[in-house]
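Visitor: Read off the chains here:
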Amino acid sequence: MTEGIPASKGVGGARPGFAPWASPAAKPLLQLEMVTKRFGSILAVDNVLLNIYEREFFALLGPSGCGKTTLLRMLAGFERPSEGRILLDGQDIVDVPPHRRPVNMMFQSYALFPHLTVEGNIAFGLRQDGLPRSAIATRVKEMLALVKLEGLGRRKPHQLSGGQRQRVALARALAKHPRVLLLDEPLSALDRKLREDTRFELMDLQHKLGLTFIVVTHDQEEAMTVADRIGVMNSGRLVQVATPAEMYEQPNSRWVADFIGDINLIEGRVASSGLGQMMIESVASGRVVVDHAADVATGTHVWVAVRPEKIRLEAQRPLTDDENCFAGHVIDIAYLGGQSIYKVKLDNGLVMKAVVANQARLTKPPVGWNDRVWLCFKAEAGLVLTR
Amino acid sequence: MSATGNPSAPRRRSRWGRRILILVPALWLIVFFVMPALIVLKISLSQTVIAQPPYIPVLDMSAGWQGLRDFVAGLSLDSYRMLGSDTLYVFSYLHSLVIAGLSTAILLLIGYPMAYGIARSPRRAQPILVMAVFLPFLTAFLIRIYAWINILQREGLLNDALMALGIISEPVVWLSTDTAVVIGIVYSYLPFMVLPLYASLEKMDESLLEAAADLGCPQWKAFWLVTVPLSAPGVMAGALLCFIPIAGEFVIPDLLGGSSSLMIGQTLWTEFFQNRDWPVASAVAIALLAILLVPILIYQHLQMRALRDR
Chain A
1 MTEGIPASKG
11 VGGARPGFAP
21 WASPAAKPLL
31 QLEMVTKRFG
41 SILAVDNVLL
51 NIYEREFFAL
61 LGPSGCGKTT
71 LLRMLAGFER
81 PSEGRILLDG
91 QDIVDVPPHR
101 RPVNMMFQSY
111 ALFPHLTVEG
121 NIAFGLRQDG
131 LPRSAIATRV
141 KEMLALVKLE
151 GLGRRKPHQL
161 SGGQRQRVAL
171 ARALAKHPRV
181 LLLDEPLSAL
191 DRKLREDTRF
201 ELMDLQHKLG
211 LTFIVVTHDQ
221 EEAMTVADRI
231 GVMNSGRLVQ
241 VATPAEMYEQ
251 PNSRWVADFI
261 GDINLIEGRV
271 ASSGLGQMMI
281 ESVASGRVVV
291 DHAADVATGT
301 HVWVAVRPEK
311 IRLEAQRPLT
321 DDENCFAGHV
331 IDIAYLGGQS
341 IYKVKLDNGL
351 VMKAVVANQA
361 RLTKPPVGWN
371 DRVWLCFKAE
381 AGLVLTR
Chain B
1 MSATGNPSAP
11 RRRSRWGRRI
21 LILVPALWLI
31 VFFVMPALIV
41 LKISLSQTVI
51 AQPPYIPVLD
61 MSAGWQGLRD
71 FVAGLSLDSY
81 RMLGSDTLYV
91 FSYLHSLVIA
101 GLSTAILLLI
111 GYPMAYGIAR
121 SPRRAQPILV
131 MAVFLPFLTA
141 FLIRIYAWIN
151 ILQREGLLND
161 ALMALGIISE
171 PVVWLSTDTA
181 VVIGIVYSYL
191 PFMVLPLYAS
201 LEKMDESLLE
211 AAADLGCPQW
221 KAFWLVTVPL
231 SAPGVMAGAL
241 LCFIPIAGEF
251 VIPDLLGGSS
261 SLMIGQTLWT
271 EFFQNRDWPV
281 ASAVAIALLA
291 ILLVPILIYQ
301 HLQMRALRDR
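Protein sequences appear in the order of chains A and B.
Take the first sequence: its letter number 330 is residue 330 in this note's numbering, and every next letter is one higher.
Take the second sequence: its letter number 122 is residue 122 in this note's numbering, and every next letter is one higher.
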């Protein structure tokens, strides 16, 4: 699942120089303070603390049922938090009904009014504001041009394709210049190719309009592509908030590491630490040396996490001894075109994955099934996780 | 056309299959609707006589062509002229349409909130509530109307209740008035209004109301801008399902209404069974059918448009 993750991103967000969350002086646009939502005995959202900044593209990512949609619905005003506050521009909006919030939402089902034309749908929100006819007409035209649906204004939603409907829903939600645009699984109803193109259009649109977007998605690739920052949720809790690159390179738990992309985990105890490096005595694989800045007490139970693409596959035993190397044999090869995934069963029984880019045009793979191989990774490739 | 190729054969057979399938309901309609209607039409063009049957001309099949010619020559529009000339009939029609229109409007006012309430109640409760709307229908219709006589009479439940509450000081005459007729009709036809409304409200996507709220529309306004237009087919179906039979209603006005203002169903009954004027009675029926055909055709037209729009 690593093939779609763009490597071009820096350690910052999607846009160079845009990182208001890193500056203590920046005032958040939206503040969630200890927000909790219970449905009967079910805890849907558990004590969420989060700041979202002006012009940010924020993704709430998590498996289905993790509470991300409930959190979004609380921002729109369809659900009331059981506890906590939601501040928009410093004002608590918990008691503001949805129709008075300067927040608009694009629904997963699009929720287009079937009895209205495309124009009628886009104009719906503007009419509620009592704008003059001519102003509404101008704005509708603008929105149709923005989402490239000129000429389809008189159609009814059922006369449009899925992709066109998605654009109408987007145009309708954008028409009122919302302070925050909420997008609930905006691309999930589109087919794969269209979904990928639309991701980039969504990013362009957000950058162009300078609006704040909060998108809910279960698709980690989608979140990585579009968002400045990602908030990963699991069973109601916000488990990590970070830029896509940080999220991928420095997950704070085994769960996040596994949810975002693919990961190899080696269980062990800290044998010694110092000089930014740590030696881990693993149960199965012997000693592993990994870079780690923070101090972890000797004897602590930890996991060494290594991404499959950071592992080198060697057909011969390496000559040098400055890397972590384990011997094993290939038990499975998945050829994906651009790269291949090798599943290797180490001599100690642990199964690890290595991703190898297929750089030359090969008719026969250099390493085959049951071949004896060595898996090697440098100290800086690994990461120590304590939970 | 001859069967030239194999591929066309199954298609042709399925076309014949479809025709046979349509033939069954078509035959039913011809035997039980079109033919009786034509017989009534024929009688409406006859003259009344004291005989058996009580009208002329009678088509004499045995006389062949001459018989048919004599029959056609004997037909006249006299009965229809009578409908137009006697204000009794015109008044009956108007009275029926007014009662039907008023009752349908009241049914809509009562039925819509009921249907809306059922459609918005928890999924599990909905079948029970729909059942509750229909429950009175398990008892005999006549008994329920007779019960209304009890409720509406001078010493009846309604007057007792109103006097006990101090709303009126002496009994009000309910029975034998148009009010009683409308009450009886509204009571009897409510399920026919609630059901089509429920069917159209129930399938409405609730996220549409959330979308309306999200776009700045308060709840009451969203009801008018989203819920009502989307339930228009249900409103139309319910209104016609009630209006058409109410216009021809006989039993309820006969039992609860007065003798001074008759509905067309009662006039028709009088012509048939008291005056034994079959031609005029038939003309009354044919004219009613023609009047009711107008809303039916409008409904058909709207249905077709809705289907095309889907």
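Think of the hints as simulated: they come from the structure by calculation, not from any bench.
None of these values were measured; they are calculated from a predicted model.
Warning: the hint list may mix true and false statements.
A few chain B residues that face chain A, going by a derived Cβ cut-off under 10 angstroms, partial list only [as the list claims (entries may be wrong)]: (1) Leu209; (2) Ala213; (3) Pro295.
The beta carbon of each residue, even a glycine, is placed where N, CA and C say it ideally should be.
Visitor: Flag every earlier hint the structure violates by its number, smallest first.
Guide: Violated hint: only 3; rest satisfied.
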